[in-house]
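There are 2 protein chains.
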Amino acid sequence: MNDVTGILARHIVDSRFADIPQNVLHEAARALLNCLGCAIGSARQDTVENALSAIREFSGPAQAAVFGRDERLDALNAALINGISTHVLDYDDTHARAVHPSAPLWPALLAYAEWRPTRGADLLHAFVLGVETECRIALSVFPEHYDRGWHITGTAGIFGAAAAIGKLLGLDEQQMRWALGIAATQSSGLREMFGSMCKSLHPGRAAQGGMMAALMASKNFTSANNAIEGERGWAHVTSTRFDPAVITGELGSRFELMSNMYKPFACGLVVHAAIDGCIQLRNEHRLQPQEIARIDLAVCPIVMELTAIREPQTGLEGKFSIFHAAATAVVFGAAGEPQFSNAAVRDERVVALRRRVHVAPDAALKKIQSRVTVTLNDGRALTTFVENALGTLARPMSDADLEAKFRSLTDGILTAAQADRLIELCWTAADLADGAEIARATVPR
Amino acid sequence: MNDVTGILARHIVDSRFADIPQNVLHEAARALLNCLGCAIGSARQDTVENALSAIREFSGPAQAAVFGRDERLDALNAALINGISTHVLDYDDTHARAVHPSAPLWPALLAYAEWRPTRGADLLHAFVLGVETECRIALSVFPEHYDRGWHITGTAGIFGAAAAIGKLLGLDEQQMRWALGIAATQSSGLREMFGSMCKSLHPGRAAQGGMMAALMASKNFTSANNAIEGERGWAHVTSTRFDPAVITGELGSRFELMSNMYKPFACGLVVHAAIDGCIQLRNEHRLQPQEIARIDLAVCPIVMELTAIREPQTGLEGKFSIFHAAATAVVFGAAGEPQFSNAAVRDERVVALRRRVHVAPDAALKKIQSRVTVTLNDGRALTTFVENALGTLARPMSDADLEAKFRSLTDGILTAAQADRLIELCWTAADLADGAEIARATVPR
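Those sequence lines, one after another, are chains A and B. 1 is the number of the first residue of the first sequence in this note's numbering; add one for each residue after it. 1 is the number of the first residue of the second sequence in this note's numbering; add one for each residue after it.
In isolation and in its complexed conformation, chain A is listed as follows (with noise of 0.2 Å):
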């Protein structure tokens, strides 16, 4: 295990597409349609505007789309930008233990297939490896790493770049230590900036910089051979542990990629177990909010510690209301960017409703548990219990789920044909002989 850089290395090199099992293909499908979604919805956000406007006057040529508008940039500025997109809304695939995986990832690999010509195979292999290497990576110094204040992310997502894209410029050995090596060298990204642009800043700027390493190790641009176990190496300057089987065990068998979750909902996750009962009952009774009296939940104590706001004034605050996101599931049957917009957190019968809404924590709940009871006038009370959240590994979304929360995120920005035609190119993904087709099908014209 002295080694670790090397070894890693040696796997992403010499891993073959037929090494890729057809489940953990599909799934990175499935992070592609999950992390297009999120990226074109919040083509317009002022992160994304802000950080364009930044750039702009120092993009190379037009080499790559930003995903959901009409502008083009330089392969590396757009892994930047789309890096950006992908996260800023929190909406983006979260691995069950530690990084946002896609983010770092698609961005680079995308503007490399317009680029370099790509088939969609090689974008989907080269994707699973990546989130290999930015999980195995991170949690072999997770959580110390994690809580002495890296936003894991960005951190460990620049190593998962600069190995995809290592893997399709065909780097070998050597050059893929220095890909590694040249990553760790630029990782960054403080929790301090939580609440702030720089928090997608992080996955964008891993995208960038990860894409960035791999190009400079195919030019033989050298790092130190084992930066991330040296003794100065990434994981000792930048955690108190570091556990190196956790990189290397099971190479090539487990596969990290399969504890990738989707958000159904655009909050926070302790509060999609209480949305979840609330749509169920909403469905399955056909409730209208003006026959309700009360909702009462139960949930976890974490609940009322971080979304305990009781009338927020914005759509941003409205996903820090347990009040409002109950409310506002019952009204609309949904709960995505739509129903926490500003308009969504004003309108009359959610404001109505949520001031009827009633929290109980209970310490026996886990945070992906609710307990949800509506009283209707006529006295009569419905309730379910959600043991595991719709999104959590016990219960995934599914395809179709998938891409109806891909349809909600880009109406008003792609037509219902485009979005169609995206999401076939994402499930049709490994056949394709132009891995360029997906990126280009972002662009609304």
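These aren't lab readings, by the way, just hints derived from the structure by calculation. Hints are all accurate, no fakes.
One copy or two, either will do: identical chains are not told apart, so a pair holds if it fits within one copy or between any two.
Simulated pairs of lysine to any residue, SDA-like, Cα-Cα distance not exceeding 25 Å:
no., residue 1, residue 2
1, Lys219, Gly6
2, Lys366, Leu306
3, Lys219, Gly60
4, Lys367, Asp296
5, Lys219, Asp46
6, Lys219, Ser341
7, Lys367, Ala96
8, Lys367, Asn283
9, Lys367, Arg97
10, Lys219, Gly195
11, Lys219, Gln45
12, Lys367, Glu144
13, Lys219, Glu173
14, Lys219, Asn342
15, Lys366, Asp147
16, Lys367, Gly333
17, Lys219, Pro61
18, Lys219, Asp90
19, Lys366, Ile309
20, Lys219, Asp70
21, Lys367, Ala381
22, Lys366, Arg395
23, Lys219, Phe194
24, Lys219, Ser196
25, Lys219, Gly315
Here the structure of chain A is known, so what remains is to put chain B in place on it, guided by the hints.
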């Protein structure tokens, strides 16, 4: 002292050119001359070539010069490449206790000046503020931050570049806070990389990343407000010690730039005292190698820990050979890059003489001291004691020394007339209506 980032941001924003003393401005011009010599002299190094070939296809408009070369890049990529070339020989300036100040700064500042018309006085002013920012932030966590494994020229340099470019952009106080925050969350660079090309990547990325941080802040891309001192801010995440008073004390009256040093010799500092003594004796006595029976060096013990290679085979190994350093100094009367070339290491006169060099560690001597005794074939012994090696604060290189170093480095790349002109531009930088003249004058054509 609860708002270090705010105090620093306010100082940078409020500072006026008239606040900077003349001697500080002259030191800025000295740093500029030294920086450009190093960068131009390194313009064809493999490290620079490899980095350039990786990013060339992605570069934007031809906004800014690559020092010492004909091609032009967008301003952000020019800052990157010129930051690399400034540092690659490890011949650039060194603050007495912390960072290499110029490499993250002048490349960004001159790239900026080519992009947006900037007076020379404003460049010097911004440089001074950048040095204060990066050195004070570095010293506030030094040496613990460095001991943990961070290459402080990269990690602190990015703050300097953000401050300097932010000043030129005319950021307001809130934007300057954001610029420092966006810098903080991109701060990176591992000492593990020493000995590889990544060492000089660090100031390059600092120049580029800091410039980008300021540009993003100018477009209201937000960060945390207390990125340096916050609970999960840069200082606490990357160091076990943080002294905020080092950052805020005597702002505007104590100038860290006055502790800047320039290397007269193209190798590690610990060898400088011996070289200095050898050159003194050579010049004073017009020594010829063939009349020398032996050279005895008494040096600080660390010299033999770091530079004990007896028979170096390459120029790079020559830099880690006290034997070669003394011999080449006597043979050539200098110890610049040419004296540490592969050819110099294999020069018969040097090889013969270095085998007659004897080294005695002496714990009573400091790193910057040496006692040199040259015994001639006729039995005469010539001796000198170097109390402070040339280039240290107590015995700085003169302006003429810096000019000679610049000419040596740029010889064969710039014509003598071009070198004269660039030297003149540096000394008169404060009077230049268009600071970009300096950048353009680095190009050989």
